[in-house]
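Chemist: Add chain G to chain V, keeping to what the hints say.
Chain residues, written in single-letter form:
Number of protein chains: 2
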Amino acid sequence: MISIHTEPQPSDLGDVRVTNRAVVLRHVRRHAPCSRADIAAHTGLNKATVSSLVTELIDRRLLRETGLTENRVGRPATMLVLDGEPYAALGMEIGADELVVVAVDLGGNRLLTWRRAFAAPSASPAETIRALAGLARRAVGRITGQGRTVLGLTVGVPGLVDTTGAVPLSAALGWHDVAFTGELRTALRDPDFTVAVDTDANLAVLAEQRHGAYAGTADLVHLTGGVALGAGVLTGGRLLRGHRGFAGEIGHVPLDPDGPRCGCGRHGCLAALTSLPAVIHRLLPDAEDDGPVRDFLPELERVLTLARQEDPTVLAGLAEIGRHLGHGVSVLANLLNPEAVVVGGHLATLGPWLLPAARDELAARTLAPEAGGCHLDASTLGPTATALGGATAALASVEAGRLPVP
Amino acid sequence: MISIHTEPQPSDLGDVRVTNRAVVLRHVRRHAPCSRADIAAHTGLNKATVSSLVTELIDRRLLRETGLTENRVGRPATMLVLDGEPYAALGMEIGADELVVVAVDLGGNRLLTWRRAFAAPSASPAETIRALAGLARRAVGRITGQGRTVLGLTVGVPGLVDTTGAVPLSAALGWHDVAFTGELRTALRDPDFTVAVDTDANLAVLAEQRHGAYAGTADLVHLTGGVALGAGVLTGGRLLRGHRGFAGEIGHVPLDPDGPRCGCGRHGCLAALTSLPAVIHRLLPDAEDDGPVRDFLPELERVLTLARQEDPTVLAGLAEIGRHLGHGVSVLANLLNPEAVVVGGHLATLGPWLLPAARDELAARTLAPEAGGCHLDASTLGPTATALGGATAALASVEAGRLPVP
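Note that the protein sequences, when read in sequence, are chains V and G.
Just so you know, we're using this note's numbering here: the first sequence kicks off at 6 and counts up by one.
Just so you know, we're using this note's numbering here: the second sequence kicks off at 6 and counts up by one.
Just so you know, the hints here were simulated from the structure itself, not pulled from any lab data.
Note that this is a predicted model, so its numbers are computed, not measured.
Be aware that one or more of the hints could be misleading.
What the hints assert, rightly or not - Simulated coverage check for chain V against chain G, where a stretch passes if three residues somewhere in it have a Cβ under 8 Å from a Cβ of chain G:
no. : stretch
1   : 164-176
2   : 301-312
Unchecked claim - Under the rule of at most 20 Å between Cα atoms (straight-line distance), these lysine to any residue pairs were calculated in the SDA-like manner:
no. : chain 1 : residue 1 : chain 2 : residue 2
3   : V       : K52       : V       : A42
4   : G       : K52       : G       : H32
5   : V       : K52       : G       : H32
6   : G       : K52       : V       : V21
7   : G       : K52       : G       : V23
8   : V       : K52       : V       : T83
Here a beta-carbon is modelled for each residue, glycine too, at the ideal position from N, C-alpha and C.
In isolation and in its complexed conformation, chain V is listed as follows (with noise of 0.2 Å):
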């Protein structure tokens, strides 16, 4: 195999120490408590370098000394942690019935999990934007009042989110063409930190990598279950974005065309066949009787209440729902090579009975050897993934090495 084709950028001493300061947090967060001697030994960095950027990361508050250790041969060294107390950051979501919020610090420790019921596809952006704001400075309230520095906070949006931090379109919301990130910023009142917006999908692979069952995997995707499905991506421990920020498009690939409608005017994509909305169609036929549903929750109970009492038309709908979403995992597999494949929502909810029927499918659908090593599995992460990434991503900044604004 030959190298991976990147293009260099000059390096200089500024770069380095950021690099290292990067590095020396990256291995206290996964290894603390452990010594400056531990550090040098196992990153590679002479024991000066590591004494002056632990030095420089304890008087910025983003490390801490915890202690002795005298488990070890001579002198008892003092243990290093992170210091989760001084900084954390938000991630939102906007979700078909609910918006979210969840706060978490450095350490990844979450400190506050916040639902609040609200309707985006019948609201405006505007009132949706409104309500996002309001939920999110009671949040930066909650934790500045505890005496911690807010650093950023990045919303996931079930739609399109190009560069600029706009969201073109958002079939599940009714948006076209929202200024989101710039409207955020002012019902926020130009906020001393960063406001950020990217798509559900790659939130939740963000909190996949940090949190969940196949934490640290390069190769990773989360497939969103709900009223749209998007698929977060990452390929070499990187997000694929793609040219404009569109990647991730997963819910229109063809599968069936003689299947049932879908919102795009095709028929049978994979959203026609796997989405909520797709799946209560399909299972409950009488759903619909006193007019379209708005509010899926109910409905998802009754699926899985009918699942559980082994209903043999639900059992057989949903192992058939299960072979179509293995046909869609497959065009994953065969293009990205994934480790594994993650689904979230509806799709984990009604795991037990959708994945075998979808591995089976996937396994004979993918051209490499075994799905080519591909796991297909539920989200361990529940309803919040998507809110947890987006708080892990306004925590980049630092874990990168870049060190705070004081």
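Modeler: Relative to chain V, chain G alone:
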């Protein structure tokens, strides 16, 4: 948008020097002839560092001085160019009916391009590797006879290539589990240059990135034409390889379950609708009257002649194939959001008739506006793109700033 997550590695002064060496080489490659002062001004490196690096690179014959320029204010400066003379790399391709070898020097200049008729699909893997080694040895003899050192050889194969340099599967060649790199090294009698293998599509997109119409583009796809279809994908400037190196399999994305039977056993895959055998079968139904077609080039010539004569049946068939191609490319555009998809092989040859319909279909089926900015064009590199990419790949180590073994 959030920062891209990477795994920082410790830096030391040696790494810095490698990186800075790469920066200097890249600058000279793009802007030669240029002076030491030009390099310092454009790279941000200080003049003493540039001077020290240039001295070392001249000593190792990676750069050379080329007279003075007086076209400036002040003292005339000594101009630098890449020294193409002492180093070369080889790339090869196993095509359906030929073997190709290309040699380039460090400046990217082609030193030789040889094509030898060879029907690999009807030969054994051992016979093919023997034929490759024979051709490679003659090319190496020519290059070393010119006083050049061969740095490496990279071979492009139409099939799956794993991270050990083996080929688990090539449907186009009829290969299963061929320990390719090891066998080729043995056939070459353990040469002192690196021997590597990659997919034909990965090498072709490297050639596009360096020498094609979209040179320098960070998010780029090359879709090979021929007996099989494969995608070579660059994302953020890096090859997308996936967990086991099997990324890029786009040929079996399902487009039409009622379509023609595919080699994989299913119906209506992209390959069953747009590969070279599928195109000949669709447009020249009489071609198989005397048995299966084995040599496709005369048939492709017949299609070209009929298209130029504006034969209405052939034109309608090409437009239909173009729509299928655009449909398949829309899956790439939705999932990867590249800046361009460049098609090779017969898809490039027939591009004037395929691409108008394909572009319409791509625009109609891509969720993002304007197909997410994705251009769809025929490759300008002709039938030796993969071999050229192999030679490019073999030079990557030096271009990344590592000095060749003396």
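Chemist: Now tell me, hint by hint, if it's right for this structure.
Modeler: These are the hints, each one checked on the structure:
Counting residues of the stretch 164-176 of chain V whose CB falls under 8 Å from any CB of chain G gives 6; the rule of at least 3 is met. Counting residues of the stretch 301-312 of chain V whose CB lies closer than 8 Å to any CB of chain G gives 0, which falls below the minimum of 3, so the coverage claim is violated. A C-alpha spacing of about 7 Å is found between K52 (chain V) and A42 (chain V), which places the hinted pair at or below 20 Å, so the restraint holds. The suggested pairing of K52 (chain G) with H32 (chain G) holds, with an alpha-carbon distance near 15 Å, which does not exceed 20 Å.
For the hint linking K52 (chain V) to H32 (chain G), the alpha-carbon distance of about 35 Å lies beyond 20 Å, and the restraint is violated. Our distance criterion of 20 Å between C-alpha atoms is met by K52 (chain G) and V21 (chain V), whose separation comes to about 19 Å. Taking the CA atoms of K52 (chain G) and V23 (chain G), the gap is near 17 Å; set against the 20 Å cutoff, the hint holds. With a C-alpha separation of about 14 Å, the suggested pair K52 (chain V) and T83 (chain V) falls inside the 20 Å cut-off, and the hint holds.
Hint compliance for this structure: hints 2 and 5 are not met, and every other hint is.
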